[in-house]
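Asker: Going down the list, the protein sequences come from chains A and B. For the first sequence, the UniProt record's numbering assigns the number 1 to the initial residue and increments by one for each residue that follows. For the second sequence, the UniProt record's numbering assigns the number 1 to the initial residue and increments by one for each residue that follows.
Errors might be hidden in some of the hints.
A pair counts as met if it fits within one copy or between any two copies, since identical chains are not told apart.
To be verified - Below, in silico cross-link-like pairs of lysine to any residue (SDA-like), each with a Cα-Cα straight-line distance of 25 Å or less: (1) 262 <-> 252; (2) 356 <-> 214; (3) 79 <-> 54; (4) 356 <-> 146; (5) 79 <-> 283; (6) 73 <-> 344; (7) 262 <-> 319; (8) 262 <-> 315; (9) 262 <-> 370; (10) 356 <-> 253; (11) 356 <-> 96; (12) 73 <-> 307; (13) 79 <-> 59; (14) 262 <-> 314; (15) 356 <-> 163; (16) 356 <-> 110; (17) 356 <-> 263; (18) 79 <-> 14; (19) 356 <-> 259; (20) 262 <-> 352; (21) 356 <-> 240; (22) 262 <-> 167; (23) 356 <-> 252; (24) 356 <-> 239; (25) 79 <-> 46; (26) 262 <-> 303; (27) 356 <-> 261; (28) 356 <-> 314; (29) 79 <-> 143; (30) 73 <-> 173.
Bear in mind the hints are in silico, worked out from the structure with no lab data behind them.
Protein chains: 2
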Amino acid sequence: MAKASWQGTNLPRVGGFNRAVVLDAIRQHGEVSRVELARRTGLTAQTMSNIVRALIDDGLVTENGHAPSTGGKRRVLLKVVPDAYSAVGLHLDPERITGVLLDLAGGVRMRSRRRVPDDTSPEAVGAALARTFHQLVRRSGIADGRVLGVGLAVPGPLDAANRRVLGPPNLAGWADVPLADIVEGRAGLPVVMDNDATAAAIGERWTGRADRAGSFVYVYLGSGVGIGVVLGDQVHRGVSNNAGEIGHVHSGGGRECHCGRKGCLEAYCSMRAIVADWRAATREEPNGEPVAATYESLCRSAADGDATATRVLRVAATRLGQALASVVSVLDVDRVVLGGPALRHVAELVRARVAKVVDAQVWAPKVRPVRVETALIGDDAGAVGAASLVLDHAYSPRLTTLLGS
Amino acid sequence: MAKASWQGTNLPRVGGFNRAVVLDAIRQHGEVSRVELARRTGLTAQTMSNIVRALIDDGLVTENGHAPSTGGKRRVLLKVVPDAYSAVGLHLDPERITGVLLDLAGGVRMRSRRRVPDDTSPEAVGAALARTFHQLVRRSGIADGRVLGVGLAVPGPLDAANRRVLGPPNLAGWADVPLADIVEGRAGLPVVMDNDATAAAIGERWTGRADRAGSFVYVYLGSGVGIGVVLGDQVHRGVSNNAGEIGHVHSGGGRECHCGRKGCLEAYCSMRAIVADWRAATREEPNGEPVAATYESLCRSAADGDATATRVLRVAATRLGQALASVVSVLDVDRVVLGGPALRHVAELVRARVAKVVDAQVWAPKVRPVRVETALIGDDAGAVGAASLVLDHAYSPRLTTLLGS
């Protein structure tokens with residue numbers, strides 16, 4: 001029998017949801033009293049007291065001194081126990097694997113980087129990912145039972161239902177790879193997987209505290225371009241978990257894209273495309289260096305004031321801004337966050353140009369000024385986001401808790 | 001004190017939410033038993049029994065015979081009482097005012113059309129809207145207390161917080177008009193206002209029964225182009241209630257738009273733009289006829305097999321399809337619904353072309369085949385949508401009921 005489009009809710013579900021709401025509020029607001037928590041979450045003092053006691057019993061929250069006196073009894077402050085649990089995040093980029101160990105408070109405890117092996121077969125790459133995981137756990141000295149799981153951030157598109165990577169054009173030779181299962185088999189812990197842009201958006205919310213609440217579009221600029229969509233404090237994943245696949249939308253031009261079609265955004269805004277533009281402008285031949293390395297040279301030149309490098313980046317940022325203006329118009333969000341490794345050295349240059357284009361092209365600016373900001377997390381956005389997937393899955397309030405799924 | 005980003009919930013809120021869930025399920029699924037309702041909504045038999053009794057006491061639901069026997073006791077069927085309440089919807093288009101009276105079951109009881117008066121001042125147009133409202137209520141013979149309110153669908157953008165129309169480029173001379181208050185003053189009933197595309201999307205869900213649940217993009221094709229975004233059975237309105245303003249996103253071309261910028265989607269896909277293309281192709285001079293009338297002649301010609309008219313419409317539909325491919329890619333929805341008066345005579349021609357372009361340009365087609373359909377509601381989509389705003393506001397399950405706002 002088909003389910004109704006809305007499911008009702010009940011007391012056990014409400015209990016689980018409210019517990020997640022309280023933990024989320026403590027995490028986001030730092031040190032906070034029970035009274036303040038009750039006010040912030042709309043829950044009664046009695047409900048709050050019960051939930052906090054359970055969170056303390058479970059070791060997730062601890063009492064941490066007293067608030068300054070405001071006349072009456074000084075209030076006990078609560079905070080999350082960072083060491084209670086942690087998660088490992090692994091980010092697979094076409095050229096690099098990055099791993100982090102993230103604690104419950106969103107702090108990065110360990111970090112590890114390695115090149116993607118020359119043998120780029122799924123098994124070899126899966127083994128390299130698992131090695132990064134084991135190395136992080138070993139070096140951290142954290143007891144096995146305290147690591148909740150592994151988050152995996154990969155370039156989209158994904159077949160999320162079957163935990164498979166569908167052959168992103170940036171990873172040659174990969175088609176329909178069961179990567180989550182490969183890594184899970186080698187790591188011995190549950191693996192959750194998402195595309196890198198969505199993971200980075202969750203990471204920004206998880207580690208970024210209260211100022212990353214609400215609705216925003218997170219633009220992940222790595223080898224390619226993807227966006228993570230956060231609406232009303234919930235990540236929007238879409239019917240096939242591929243929301244935010246903006247890299248291959250038609251951007252108005254006719255340039256050939258590595259995906260085989262023409263005019264895609266990544267034909268103009270990927271690292272590869274920008275490097276090609278730079279080589280054309282400077283009449284330099286490719287020198288066999290990896291794309292990311294040449295791209296970084298280009299960005300250093302722009303940061304040092306080189307006019308050609310600056311112009312090439314501005315042209316790409318203009319096209320990115322046009323695509324984002326459409327996204328902002330359709331979603332009606334008032335915040336765009338730019339993040340990812342492609343911004344290194346040039347974050348403000350790119351931000352300023354995107355902001356200018358968005359401001360000029362978004363309709364109804366009077367009722368909807370749009371802020372364009374750079375991310376709180378830098379180069380490691382993908383890996384931190386991957387680890388956040390695990391913590392978010394375990395601890396964030398979610399409507400499916402309340403309504404069933 | 002700032003609220004936490006998530007609010008907790010409690011029993012009274014759960015009660016109100018579950019009641020709306022049950023009414024919505026009865027409305028969407030037609031005649032249905034308590035047992036089936038409990039299964040569909042995930043609520044217990046006891047909770048269901050209590051909620052249904054209250055809905056019957058309030059006159060919103062009635063018992064309506066028995067289900068065929070399946071061996072045991074025959075189950076009593078429930079259905080919504082259509083006459084319990086109704087709402088008036090008014091749609092203001094640049095050339096026409098359409099009004100409908102909609103009953104609680106989503107049936108259109110009365111319909112009224114008039115031309116926008118020659119005096120297009122906000123007061124004169126507001127008076128014409130109010131006349132349409134009074135005429136509908138008078139002709140229907142429905143008791144005043146049974147009309148819940150007035151819904152108003154207007155071209156965006158809006159300043160929703162202040163209930164003002166911000167001067168859509170299709171309504172010359174309108175800038176920052178408090179239209180909802182003007183109509184409310186003259187109608188004597190509460191007025192809710194939204195842009196026409198969002199209203200039409202809600203109408204499609206309200207009157208369309210279960211096959212319009214879930215997530216979809218509704219494309220409203222009137223004088224201009226707007227979209228309504230429905231995600232997980234909730235209308236997505238955005239931070240300023242202007243989500244779906246797609247008419248003035250950059251579509252890749254350089255043609256001047258009536259909004260003063262270049263390359264907007266409406267510079268190619270509005271009725272005015274398509275009529276101009278037709279005149280250019282047939283070398284006909286403008287004849288002083290309203291744009292909508294010429295547009296309708298064009299569509300009749302295309303329906304009769306005229307090659308030029310068909311080609312002009314296909315070119316516009318191609319550009320529309322490209323814009324929608326981007327929206328589908330970003331949101332990851334698997335359904336696009338095309339509706340509105342601009343489809344009259346040519347719905348299948350436009351649908352087929354849009355479907356072809358979307359299919360070719362949306363990434364990850366393997367995990368996300370996208371259906372492109374025409375709307376269940378035809379010409380009156382704006383007005384039916386407007387009335388649905390009122391019913392939806394009063395009776396649909398919404399998360400703000402559960403979580404506070």
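Asker: Should residue 356 paired with residue 261 be assigned to within, between, both, or neither, using CA atoms and 25 Å as the limit?
Answerer: between (29 Å within a copy, 15 Å between copies)
Asker: Which holds for residue 262 with residue 315 at a C-alpha limit of 25 Å: within a copy, between copies, both or neither?
Answerer: Classified as both; 18 Å inside a copy, 18 Å across copies.
Asker: When no copy is named, should residue 79 and residue 143 be tagged within, between, both, or neither for a Cα gap of at most 25 Å?
Answerer: Within. Shortest intra-copy distance 22 Å satisfies the 25 Å Cα cut-off; inter-copy 58 Å does not.
Asker: Should residue 356 paired with residue 110 be assigned to within, between, both, or neither, using CA atoms and 25 Å as the limit?
Answerer: neither (37 Å within a copy, 49 Å between copies)
Asker: Regarding residue 356 and residue 163, is the shortest C-alpha distance of 25 Å or less found within a copy, between copies, in both, or in neither?
Answerer: Neither: 39 Å inside a chain and 29 Å across chains, both beyond 25 Å.
Asker: Is it within, between, both, or neither for residue 262 and residue 303, if the alpha carbons may be no more than 25 Å apart?
Answerer: neither (31 Å within a copy, 32 Å between copies)
Asker: Within, between, both or neither: how does the pair residue 356, residue 314 come out at a Cα-Cα threshold of 25 Å?
Answerer: within (11 Å within a copy, 34 Å between copies)
Asker: Up to 25 Å between alpha-carbons, please classify residue 356 paired with residue 253: within, between, both or neither.
Answerer: Classified as both: same-chain Cα gap 20 Å, cross-chain 20 Å, threshold 25 Å.
Asker: Checking residue 356 and residue 259: alpha-carbon separation at most 25 Å within a copy, between copies, both or neither?
Answerer: between (29 Å within a copy, 19 Å between copies)
Asker: At most 25 Å between C-alpha atoms: does residue 79 with residue 283 qualify within a copy, between copies, both, or neither?
Answerer: neither (57 Å within a copy, 74 Å between copies)
Asker: At most 25 Å between CA atoms: does that hold for residue 79 and residue 14 within a copy, between copies, both, or neither?
Answerer: within (23 Å within a copy, 29 Å between copies)
Asker: Cα distance capped at 25 Å. Does residue 356 pair with residue 252 within a copy, between copies, both, or neither?
Answerer: both (19 Å within a copy, 18 Å between copies)
The structure is inconsistent with the numbered hints 4, 5, 6, 11, 12, 15, 16, 26, 30, although it conforms to all the rest.
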